[in-house]
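Given the structure of chain F, go ahead and fit chain Y onto it with the hints provided.
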Amino acid sequence: MDRRLALPAFAGAALVISLAAGAPWLKFVLTIALAKGLAVTGILLLLRAGQVSFGHALYIAVGAYTVAFTPPHVGEMLLLLPLAAAAGMIVGLAVGLFVARYRDIFFGMLNLAFSMVFYSLLEKLYAYTKGTDGIRVPRPTIAGIALERVDYEWTMLIGGLGIALVLGWLASRFLASPLGQALPAIKTRETRLEFAGISARRVLLVAYVISATLAGLGGGIIACTTLHVTPLLSYWTHSGELVFIAILGGGGSVLGPYLGAVAYELVRVYAAAAFPDGWQMILGAVLLLIIMFAARGLWGVYEDAVLRKGRRA
Amino acid sequence: MTLLLFLAILDGLAYAAQVFMVAVGLTLIFGVLRILNVAHGSFFAIGGYVAATLGAWAAATAAAPVLALPVLLLAAVLVGGVLGPVIERLILSRIYVKEHVLQLLVTFALFMILEDIQRLIWGVQPIFRDAPVRVLGQVEVGDIIYTAYQLYLLPGVALATLLGLMWFLRRTLTGRVIVAVTEDREAATAMGIDASRVYLLTFTFGTVLAALGGALASPTTSLVPGVGVNMIVLSFAVVATAGLGQIEGAMLTALLIGLGRSIAVYFAPEFEVVIPYIIMVAVLLVRPHGLFGRPELRRV
Numbered sequence: 556m557d558r559r560l561a562l563p564a565f566a567g568a569a570l571v572i573s574l575a576a577g578a579p580w581l582k583f584v585l586t587i588a589l590a591k592g593l594a595v596t597g598i599l600l601l602l603r604a605g606q607v608s609f610g611h612a613l614y615i616a617v618g619a620y621t622v623a624f625t626p627p628h629v630g631e632m633l634l635l636l637p638l639a640a641a642a643g644m645i646v647g648l649a650v651g652l653f654v655a656r657y658r659d660i661f662f663g664m665l666n667l668a669f670s671m672v673f674y675s676l677l678e679k680l681y682a683y684t685k686g687t688d689g690i691r692v693p694r695p696t697i698a699g700i701a702l703e704r705v706d707y708e709w710t711m712l713i714g715g716l717g718i719a720l721v722l723g724w725l726a727s728r729f730l731a732s733p734l735g736q737a738l739p740a741i742k743t744r745e746t747r748l749e750f751a752g753i754s755a756r757r758v759l760l761v762a763y764v765i766s767a768t769l770a771g772l773g774g775g776i777i778a779c780t781t782l783h784v785t786p787l788l789s790y791w792t793h794s795g796e797l798v799f800i801a802i803l804g805g806g807g808s809v810l811g812p813y814l815g816a817v818a819y820e821l822v823r824v825y826a827a828a829a830f831p832d833g834w835q836m837i838l839g840a841v842l843l844l845i846i847m848f849a850a851r852g853l854w855g856v857y858e859d860a861v862l863r864k865g866r867r868a
Numbered sequence: 376m377t378l379l380l381f382l383a384i385l386d387g388l389a390y391a392a393q394v395f396m397v398a399v400g401l402t403l404i405f406g407v408l409r410i411l412n413v414a415h416g417s418f419f420a421i422g423g424y425v426a427a428t429l430g431a432w433a434a435a436t437a438a439a440p441v442l443a444l445p446v447l448l449l450a451a452v453l454v455g456g457v458l459g460p461v462i463e464r465l466i467l468s469r470i471y472v473k474e475h476v477l478q479l480l481v482t483f484a485l486f487m488i489l490e491d492i493q494r495l496i497w498g499v500q501p502i503f504r505d506a507p508v509r510v511l512g513q514v515e516v517g518d519i520i521y522t523a524y525q526l527y528l529l530p531g532v533a534l535a536t537l538l539g540l541m542w543f544l545r546r547t548l549t550g551r552v553i554v555a556v557t558e559d560r561e562a563a564t565a566m567g568i569d570a571s572r573v574y575l576l577t578f579t580f581g582t583v584l585a586a587l588g589g590a591l592a593s594p595t596t597s598l599v600p601g602v603g604v605n606m607i608v609l610s611f612a613v614v615a616t617a618g619l620g621q622i623e624g625a626m627l628t629a630l631l632i633g634l635g636r637s638i639a640v641y642f643a644p645e646f647e648v649v650i651p652y653i654i655m656v657a658v659l660l661v662r663p664h665g666l667f668g669r670p671e672l673r674r675v
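Protein chains in written order, with the working numbering: chain F, 556 to 868; chain Y, 376 to 675.
Take these hints with a grain of salt, some might be off.
What the hints assert, rightly or not - One-sided and incomplete, this derived list gives chain F residues near chain Y with beta-carbon spacing under 8 Å:
hint : residue
1    : Gly-663
2    : Leu-787
3    : Trp-791
4    : Gln-835
Claimed, not checked - Derived Cβ-Cβ restraints for the label pairs, each shown as a range:
hint : chain 1 : residue 1 : chain 2 : residue 2 : range
5    : Y       : Arg-469   : F       : Asp-859   : 17 to 25 Å
6    : Y       : Arg-551   : F       : Asp-859   : 43 to 51 Å
7    : F       : Tyr-681   : Y       : Glu-515   : 19 to 27 Å
8    : F       : Ala-826   : Y       : Arg-662   : 44 to 52 Å
9    : Y       : Ser-597   : F       : Phe-750   : 53 to 61 Å
10   : F       : Leu-680   : Y       : Glu-558   : 44 to 52 Å
11   : F       : Ser-754   : Y       : Thr-596   : 27 to 35 Å
12   : Y       : Arg-409   : F       : Val-822   : 32 to 40 Å
13   : F       : Phe-750   : Y       : Leu-495   : 47 to 55 Å
14   : F       : Ala-849   : Y       : Val-599   : 29 to 37 Å
15   : F       : Gly-686   : Y       : Ala-431   : 52 to 60 Å
16   : Y       : Ala-431   : F       : Val-861   : 53 to 61 Å
17   : Y       : Arg-464   : F       : Val-861   : 22 to 30 Å
18   : Y       : Arg-409   : F       : Leu-821   : 32 to 40 Å
Stated by the list, open to error - So the derived list for chain Y, only partly shown, Cβ under 7 Å to chain F, looks like this:
hint : residue
19   : Leu-380
20   : Ile-384
21   : Arg-494
No lab work stands behind these hints: they were computed from the structure. Small disclaimer: the values here were computed from a predicted structure and weren't measured. Virtual Cβ for every residue (Gly too), placed ideally from N, Cα, C.
Bound conformation, chain Y alone:
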């Protein structure tokens, strides 16, 4: 019982780390662009697929096995660096002035397109490549043998992302410019800030984070059609529970939901998928803007 609980906590931490990587990009993009990007889950999936393909290719060219790890990062930067700017410039930049419902529909349409692109390229058979996990080997924690990848690397990357992001947004010029645009776009533009560049930068950065989440998740789960939609719904639950636009809050709710889910996996597997939403609904009933969210001003 305690052993199971301990195992559930370790799984929950690793899982929370993955979800956080996607959720933080989603919330960052929302904070700046005021668009909820439904296609964000697809970036996660595509990041995973590209990482698996690149990894297979790197292994085939007889490169050192350790290279399996940097390949994950490379895949994320490739996916985010290509998809992010293309989508922001070609499509999103045209709809910033449109109604909310149309913005949602546009990202939903993008999501539909990207889901099928994955099927066309990678097919529907599950893809599983655990080379990066094997590189790091296993560690013993108490009586449990656990992979170092899930124990150290995943939570480590998530924590580094959180701290790095906090530092970036508060201490660097670019970061402060992003915060300024988030707070008040008009005022920021009046100060001479190029808001459209900030949008492009933020969207690309968020895309890289989602793809990195996918790349990091790929060695621990098999990639099948549908991972994208599950991830967008789950990371929306995380982001909504924290309050849209809240970065530190997203870490906390990712932990809450990740742990809740993995405990359910061990103790009530039928309800695994329901737990995150029960948590979300419970929080939203009490605090409609999320745990850390601020209500928006109502205009007449």
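Okay, chain F solo, but in the shape it has when bound:
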């Protein structure tokens, strides 16, 4: 990772840990934020290709329900999380083979349709999913050790940070690779990419499967943190949330999703309590403002404030 990213990444990680040490109940909020940051990284990959998915909560739900459906005696974190990621990858491949043929509107809306179908199936197939009641997840062991609540939460948070750092680094490597560089080409002029002998569909499919895997892993972490899964995980509001965080954080850097997710979750803790019925409205209004006036998101603001100034000095 180049230094311009490594420094803020580790500073951010230190900040998250000190926040959690200062206010113990924030551990939960921050772990969820990191999990969402993973899923948003996937959204970011797709946004690089100029595509937006309004249905990625589907993969969060797939990951979370994979954890919930795994028999309790296998409740081992080191097994559950890879399983959740694998489930996301498999579903992502199946759906991706279909949606990677489409662009723009079709891409966004087909994803929305798939997630809403999954939502209603989770809700209706009561015999398997217990409907809207959801399924309780017993607290898994970590590397064979059954931890107490506080230790468990700390392990989740630190582990989440570790995963985020490693995957963030991998994502930045991916974006710098030839395949990653092909993504913006889909956005500017797909036909030219094809003339260069690269299949746009395959490039998008790879990005889509990666994004589904990341979201599946994020869903697994969410299930292991909240210890309760409901169909609401795949509802459109959650997909909207992911897109919102991606735009809020800004698409310019792999750190944007985490910056956006932590900022979003921290604000939500207070604001959603104060305006429970107006929350989506506030999100929508902020989204409009960002798109119209600060298209590069929070990361863009940071870049302008810190990096540009640093270069001048």
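Then chain Y, alone, in the frame of chain F:
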């Protein structure tokens, strides 16, 4: 069995009529503005809510019960006439030059805002007002007693909308101007057509249609948060199956999907929500631009 099937067909027709009203506005707006308006489902929901409120108010002021029907139309015109121009002028007109993905995000943001406005105004309790249905009474069809509202009025309005729209677009000057802008905006503007007025007009008209769909649907279903999102996803399925921008095609696919769904309601209720998408996915696999859509030219 045959009785159930017959009932399913009647339900399907009424349902298809509602979906068509929303889908046709969506496809018309897309055809002209080249924007897929995700907030379109909200217009449907708000149309329904306003119709229920106005209806309750009209009933309270002891007006004649028959007035329940024109109130539905009034609600639609009010909602479309206010929301349409405000949204088009204030927000959409600023983003016509932006990337597709940003246009989608903007209408999605609008959708989020409008969903909560509904909650703030009308709450989360289901609202149900069937006064307009009772006005028309019931009819016997074979062995089935069915409401005249769903049997005649809903399909009638949808058919009238389709025919009216076809006539309007082909035979009137304004309609032809709209078609011209759809085909080639630059050329139309060069001929002296005020394209931004056409955009405003089309968007408002589409909004009125969606709100009318909602107003007409309100006496047959309860209004709860979430009707908007279900309707936008469903009407997108209809529009995509037909091919974006295809008006007559939307009628056909609305029928296909409406009937498919209501048959599922009676025979496999768990899969009711899945049927429209199975139809859509099946069609798109074979014809990626929809049944009647034309592929766009690829530019290098």
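Tested hints:
no.: 1; hint: Gly-663; in the structure: 5 Å, holds
no.: 2; hint: Leu-787; in the structure: 11 Å, violated
no.: 3; hint: Trp-791; in the structure: 5 Å, holds
no.: 4; hint: Gln-835; in the structure: 4 Å, holds
no.: 5; hint: Y:Arg-469 <-> F:Asp-859: 17 to 25 Å; in the structure: 23 Å, holds
no.: 6; hint: Y:Arg-551 <-> F:Asp-859: 43 to 51 Å; in the structure: 49 Å, holds
no.: 7; hint: F:Tyr-681 <-> Y:Glu-515: 19 to 27 Å; in the structure: 37 Å, violated
no.: 8; hint: F:Ala-826 <-> Y:Arg-662: 44 to 52 Å; in the structure: 45 Å, holds
no.: 9; hint: Y:Ser-597 <-> F:Phe-750: 53 to 61 Å; in the structure: 55 Å, holds
no.: 10; hint: F:Leu-680 <-> Y:Glu-558: 44 to 52 Å; in the structure: 47 Å, holds
no.: 11; hint: F:Ser-754 <-> Y:Thr-596: 27 to 35 Å; in the structure: 45 Å, violated
no.: 12; hint: Y:Arg-409 <-> F:Val-822: 32 to 40 Å; in the structure: 34 Å, holds
no.: 13; hint: F:Phe-750 <-> Y:Leu-495: 47 to 55 Å; in the structure: 52 Å, holds
no.: 14; hint: F:Ala-849 <-> Y:Val-599: 29 to 37 Å; in the structure: 35 Å, holds
no.: 15; hint: F:Gly-686 <-> Y:Ala-431: 52 to 60 Å; in the structure: 33 Å, violated
no.: 16; hint: Y:Ala-431 <-> F:Val-861: 53 to 61 Å; in the structure: 57 Å, holds
no.: 17; hint: Y:Arg-464 <-> F:Val-861: 22 to 30 Å; in the structure: 38 Å, violated
no.: 18; hint: Y:Arg-409 <-> F:Leu-821: 32 to 40 Å; in the structure: 38 Å, holds
no.: 19; hint: Leu-380; in the structure: 22 Å, violated
no.: 20; hint: Ile-384; in the structure: 23 Å, violated
no.: 21; hint: Arg-494; in the structure: 5 Å, holds
Of the numbered hints stated above, those contradicted by the structure are hints 2, 7, 11, 15, 17, 19 and 20, listed in ascending order.
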